[in-house]
Amino acid sequence: MKGILFFVVMLLSIIAYTQTTVTGVVTDESGQSLIGANVLVKGTSIGAVTDFDGNYSIDVPDGSGILVFSYTGFQELEITIAGQSTINVALAEGTTLDEIVVTALGIEKQSSTLGYSIDEVSGSDLTQARESNILNSLQGKVTGVNISNTSGNLGGSAKIIIRGVTSLSGRNDPLFVVDGIPISNNQTTTGSRITGNRDFGNGASVINPDDIATMSVLKGAAATALYGSRAAAGAIIITTKRGESNGGNAKVSINSSLRFDDLFITPGYQQDYAMGALNKYDSSSVGFDWGPRIVGQTVDNLPAKGGPGQLQAVEDNGVKKFFETGKSYINNLAISDASDRMDYRLSFGALNQTGIVPGSSLDRYNISLNAGVNHNANFSSRFGVQFINTNSEGTAAAGANDPNIIGLSSFSSNLDPDWYTPWIDDAGNQINNVTPTSNNPYWLRFENKNEREDNRVLANFSMTYNPFDNLSISGKVGYDYDQDNRLLTNRKGTAQRIDGNFIVDKLNRTQLNTDIIANYNTDLGESLTLSVLGGFNYNNRTFSRETLTSTSLLVPELFDPGNTAQNVPTRAFSEQVLFGLYGQAELGYKDFLTLSLTGRNDWSSTLPTNNNSYFYPSASAAFLFSNAFNISDKVLSYGKLRASYAQVGNDTGPYQLDFNFFPITTATGQYSLNINFPFNSRLAFAKSNTIPPENLKPESQVSYELGAELKFFDYRLGLDVTYFKSENTDQILALPIPETTGFGFLRTNVGQVNTSGWEITLDATPISTKNFRWETMVNFSNPKTEVVKLAEGVDRVLIASGFSSVQVVAEEGKGFELFAIPFLIDSASGRPLINPVDGTRQAGIAKTMGSVLPDFSMGFVNTFRLGNFSVTGTVDWRSGGVMKSSTVENLQTGGLVIETAGNRQGTFIDRSGVLDNGDGTVRENDIPLSSTTAFWQSIDDNSIAEPFIFDASYVKLRELAITYSLPESVLGSTFIRGASIGVEGRNVALLYSKVPHVDPENTLFGSGADGFGIERASTPSTRSLGFNLRLTF
Amino acid sequence: MRYIKIFSFILASLLFSTSCQDALDINTNPLVASSADPNVLLPFVIIQYSNRHTTELGTRIMDVPQHFSACFNSPRNGNTSIFLTGNTWGMYYTQVLGNLQLVEQDARDAGPSSNNVAAIAIILKAQSFFELSSIWENVPFSEALDGASFPSPNFDSQESIFRGVVSFLDEAIGLIDGMPAEGVFDVSTGDLIYEGDMDKWRKLANSMKLRTLMMLRNVDASVDGAINAALGQPLIENNADAAMLRYYNTPAESNGYNRLVEAFFGIGNEAQGVYAPGDPLYELLWGSGDPRTELIISDPDSAGAPGNGQFAFGVGGATITNNVIRNDIPHMIFLPAEVNFYRAELALKGVTGDNAQEQFNLGLTNIIKWWGQDIPGAELTASSDAIAAYVDGLPALTNDEDGLRRVHEQQYLETFLRPVVAWNTVRRTGFPELKPPPGTNITTYLKRFNYPPDEVSSNPNTPANPNTDVPMWFEN
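These protein sequences, in sequence, are chains A and B.
When the letters of the first sequence are read in order and numbered with my numbering, they come out as residues 1 to 1033.
When the letters of the second sequence are read in order and numbered with my numbering, they come out as residues 1 to 476.
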């Protein structure tokens, strides 16, 4: 680290300045401002992007040079600065498309020179209909990206997969980089799916969408090669907004939204039959409506409330009463300014939400400062800091074995949720619960706490020194600090946690990252240009955690270990270091050919010291054939071919090389009936269950992509096609081995996973008149994952485990599959074999039941502008893939939904089944089931999952935003320079789905696991509608 | 170009200085140990075994031998869920045997001063393999626990496993006999069963040998010589020698049976009705005058057992008492009455010269005294006079089928609350005759578990699963 300090001191010693700021407005020929247009000082990497009102501000060294203005579908325009401080331009439609995009290490490049595909989404697109989790805003907008949401839980995580899954060991998350600094996107849950957990969101969800200028999605290995192994699954490069000049005044922007969240889908509850079993009423059987027909009869004992009363169906089983309307207030205030010497932007964001689950709330505050100074013509520095404070309460429980889980099957036809109120008496006892061994849901929501406070600091500091024209040297230091404190409690008197308990969980994560980069550009004669880059990277990550689990409280609601009979503290710590040395050479020929070569060597602390170094190269080429062959007619306006090849290595997690004995605090038992050490004052240690690897090698990925980018009819129509393929070998995996060896796993290099597919984007501006403009974009991708090879004798590897024998597995010859128990079938007819004793269906042997990943996904984004109105809608289509829904299972076996209301009287024969004659033949089933209940309950007997596995395809109207910009004639005389109001909606409508009663998108897993395709008691997802106001002055 | 040189120099010095290599040399977890003492490994093994055994097997399969009327997620109807089988299998092989293998290896390397540690490890291994074979019949034994030589262990026959278990126990007894007079490793902290008392371990090893030989004898009478030899060596014949793990009345250290009741229902099994007696248990005890009856069964209204397959909380009826389902009831591994009843059985069969009546009475006295007096933390008691009056008042044991039936019924009652031994006993003796539970998918009561999918998928040598009603080798 001494070298870095020396470098910093060296840079600091040279300070002076001569620089000017140029500001202005970019519009189209009709005067409509262009949002997100690029402004670049020609021949440099100094650039800016126009804001909502088309304003830009750019610092120009020496106050001279040429500004290049560009915008998709418009002609590029070059203007000589010549000392002007204000340059307003109007761009004409259609010509060269040479956008500036942000590539790896934050290097801005002209997109025509890239040999790989890159998707860039501007900040304004991300805030069309604002999402509290920035990842969700990408849904449907970026080709080749799959984003899944866990549930309607406030602050819940979203999982992003770029170009399909490639890793068997869970390393499928892209690298997140904010202003050049990698940040953590980890998700750590408190508890497990088995014991019940809380999803507190993924690490990158704290980024304030209002602070984002652009988000680049780097998909292939060639695009991410300079980031090295950490971006093996792609990278998301976020650039935050910088200060802009505002004609001598500070610029103030206000963006306010008010949003309402409601249940997205209400199950089709049956309202004819009451709680109970075998047509007999039972006031305690919540979620089991197999009772008598509701005919207004009087019963002795109403549920929860008690006492006699009349049986009456409650609309939608009361879910609309129980789940509330969530409210979100999203406010952002930004102040910015810029001059030729400095720029800064200070932003305050506040997100205040209440959820649909009673008692849930989330408050997030972002303060960010992004500032830069040009000390002199050769030397500049920049720093950015974001402080993010997140407080949440009442985060809903998920998983299993936790009494706090409330799902759509926790309601009954004749149980009015109002009867649960009040839920506590003066003495602190739980009341109005339906039985002493079950809980009043309001007690769970309001007496049991889930509090979390997360403080995050993302800071970066960089200096750039240009000793002479063609050379720049920059150093950048970034730090990501996260302190996450959680308190989960169960109040004394909670059934199943009768003595009360609490968990204090404190997590700390840090990441220090340093890059030193030198960049040299030169012309090699008439038609050749050369750009060379070399850099060094140091990255250090730590994670530490302290957890206290305390059980049996003496004094209620006193959460101190001194007040509990049992205290189990645990600790965890890890640290890993990576050094990287990288270089890139880019050769340009005339204006149509670019060849780029990169190389990077990483040294990782997580690999054996004798094999911790790995080198990987990449090569890419871009050929602008429309320039090369001077094709520029009315039909084809632009044509480019690109090709790239890359090899990437990857390390593993820390502390996986040694055989160790672990101090143990818990002896596990079924149903979480655990025992703790010290036991009778005895300490306990146990060996690791994983045999450490010998001669571990880095993982390897070889990939290539080919693509073409074509623009037609003066850029009114664009087509971008990419084919990609990657081969992932030597995966570092804890391979399951026979437990009869005394160990469960062997960590080793195994297997091969291939991923390939097409990405196609079609964009068009079918109509463009003075007052009306329609822009449309369709994207398609079909990443296919094939598990080519696992290890010798291993057919499948567990990726994630659900419940009731349902798993996600990687199976050789297939991909990521749902593995579950089907019905036992007669192989000849393919029909279920019926149990001759009771007429029920029987369980077969577990098998793979289909891919959990979609065959393809498509997004449709349409924008209509009519005068000052604009309407934007995004439709998201996912096709293929299966899911198992435990919520549907519970709704059906509980007799809660409409399809279970038929044939309730008398017996029932399952006519779709056959009976085994014992001689290899079968006959039609004629054995009656004792009741309809028996049919529905038997179809999931012995963990049969088949009837609850559905095609997970869906089409959703993902977002819709209508905006009206107040015309200047209205604002003319006021201090307000721009104002717009809008109506926005997210998850607006489910247009197509084959999954009954629930949102096909819900999953049990958060972003921390590669689990897809399993849904269980998740918090129902929400539909959001809201209003938005934006002001600048 | 001067700057490039400076820059290059900085890079070079950063990369190739030793400090970089030092910075990478951090891959050692500060929160783990590279070796461990048997006094910390044995507590893990014993308690993890006991807790998994109690909460997984105890609360789930005690209705298979029909000691309980019904258990949660029970395999009684023929389906052994992958969680039940997987959790149990993993506990035995990786948590218990995997650690014991390392304890034994270290102790053997240390020489005779650690013979006691090696012997304890081997006895516990023998116990695990005995139970594994009792649950699955053929399991990896000779090739188990040696992944380097046998990455996919073959499965041994039940006969060879049981004979191997006997050899293990002989080996452990030999190690104990070969202990030096002084300087023996102090294992009293880690040995939660006997606190390092190797005389008792020797008795336990010999008693387990007898138990295993009795299983072999069901098929192969040629073990009679070995049985007689074992009977000539010290055995567990006194309640003070009972092998057990004690539990305590604190949440962190209490027995899993009651923790299940308190965690999911409320206080007290009698009030909650979670565990109820199965029909055969109720029929053998209720009204028999056996002083154990009230200690074990609560049925104030004489409502009878709720019926096999039924929970008492659904239908009412008799329950297992709070005297049994309590925090501090010990995990019983071997009780002396088991030896007495074997002796009575063998005497009736003419294998030994023991007095069958005497051993029968001794067994009954031992087991009733255990429940009524000697078990730690008993809330209900039985007086010695009452016990003597009951035992003396029983009709004489006849030397015929009926006499044998009475011994087998007492063996069945003796195994109460010990799921594997109880299941073995009823499968070995055929008494009492168990009826398949209502709603079963198989032709008999459950005879075996299926192999867990994890082993099936990772070990190509795993045999095909027989139906769960196919009897094991020892039953034939």
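Treat the hints as calculated values from the structure; they're not laboratory data.
By construction, the Cβ of each residue, glycine as well, lies at the ideal position given by its N, Cα and C atoms.
One should not assume that every hint holds.
[What the hints assert, rightly or not] Simulated restraints on C-beta separations:
hint : chain 1 : residue 1 : chain 2 : residue 2 : range
1    : B       : Pro438    : A       : Lys814    : 56 to 66 Å
2    : B       : Asp199    : A       : Asn695    : 12 to 22 Å
3    : B       : Gly350    : A       : Arg923    : 32 to 42 Å
[Claimed, not checked] Pulled from the structure, derived: some chain B residues nowhere near chain A, Cβ distances all over 12 Å:
hint : residue
4    : Asp170
5    : Pro180
6    : Gly190
7    : Asp191
8    : Ala226
9    : Asn239
10   : Glu253
11   : Gly256
12   : Phe264
13   : Leu285
14   : Glu294
15   : Asp354
16   : Thr381
17   : Pro452
18   : Val470
19   : Pro471
Here's how the hints hold up against the structure:
1. Taking 56 to 66 Å as the suggested C-beta distance range, the pair Pro438(B) and Lys814(A) does not conform, at roughly 41 Å.
2. Taken as a hint, the range 12 to 22 Å is violated for the pair Asp199(B) and Asn695(A), whose Cβ atoms sit roughly 49 Å apart.
3. Between Gly350(B) and Arg923(A) the CB atoms are about 54 Å apart, so this pair departs from the stated range of 32 to 42 Å.
4. Asp170(B), annotated as away from the interface, keeps every beta carbon of chain A farther than 12 Å; the closest lies near 23 Å.
5. No Cβ of chain A comes within 12 Å of the Cβ of Pro180(B); the nearest lies about 26 Å off, and the non-interface call holds.
6. A cut-off of 12 Å between C-beta atoms contradicts the statement that Gly190(B) is not in contact with chain A; the least separation is 7 Å.
7. Asp191(B), annotated as away from the interface, has a beta carbon of chain A within 12 Å; the closest lies near 10 Å.
8. With a least CB separation of 27 Å from chain A, Ala226(B) remains clear of the 12 Å interface cut-off, as annotated.
9. Every C-beta of chain A lies more than 12 Å from that of Asn239(B), the closest at about 21 Å, which supports listing it as non-interface.
10. A beta-carbon of chain A comes within 12 Å of the beta-carbon of Glu253(B); the shortest separation is about 6 Å.
11. The claim that Gly256(B) lies off the interface is violated: its Cβ sits roughly 5 Å from the closest Cβ of chain A, which falls inside the 12 Å cut-off.
12. With a cut of 12 Å on Cβ distances, Phe264(B) falls inside the contact zone with chain A, its closest approach being about 5 Å.
13. In this structure Leu285(B) is separated from chain A by more than 12 Å, as the shortest Cβ-Cβ distance comes to about 27 Å.
14. With 12 Å as the threshold on Cβ separation, the claim that Glu294(B) sits away from chain A holds: the shortest Cβ distance comes to roughly 27 Å.
15. Every Cβ of chain A is farther than 12 Å from the Cβ of Asp354(B); the closest lies at roughly 38 Å, confirming the non-interface assignment.
16. Non-interface status of Thr381(B) relative to chain A is upheld: no Cβ of that chain comes within 12 Å, the nearest being about 25 Å off.
17. Interface exclusion of Pro452(B) from chain A breaks down, the closest Cβ pair being 8 Å apart, not more than 12 Å.
18. With a cut of 12 Å on Cβ distances, Val470(B) stays outside the contact zone with chain A, its closest approach being about 17 Å.
19. Against chain A, the non-interface label of Pro471(B) holds: every CB pair exceeds 12 Å, the least being about 21 Å.
Going through the hint list in order, the structure does not satisfy hints 1, 2, 3, 6, 7, 10, 11, 12, 17.
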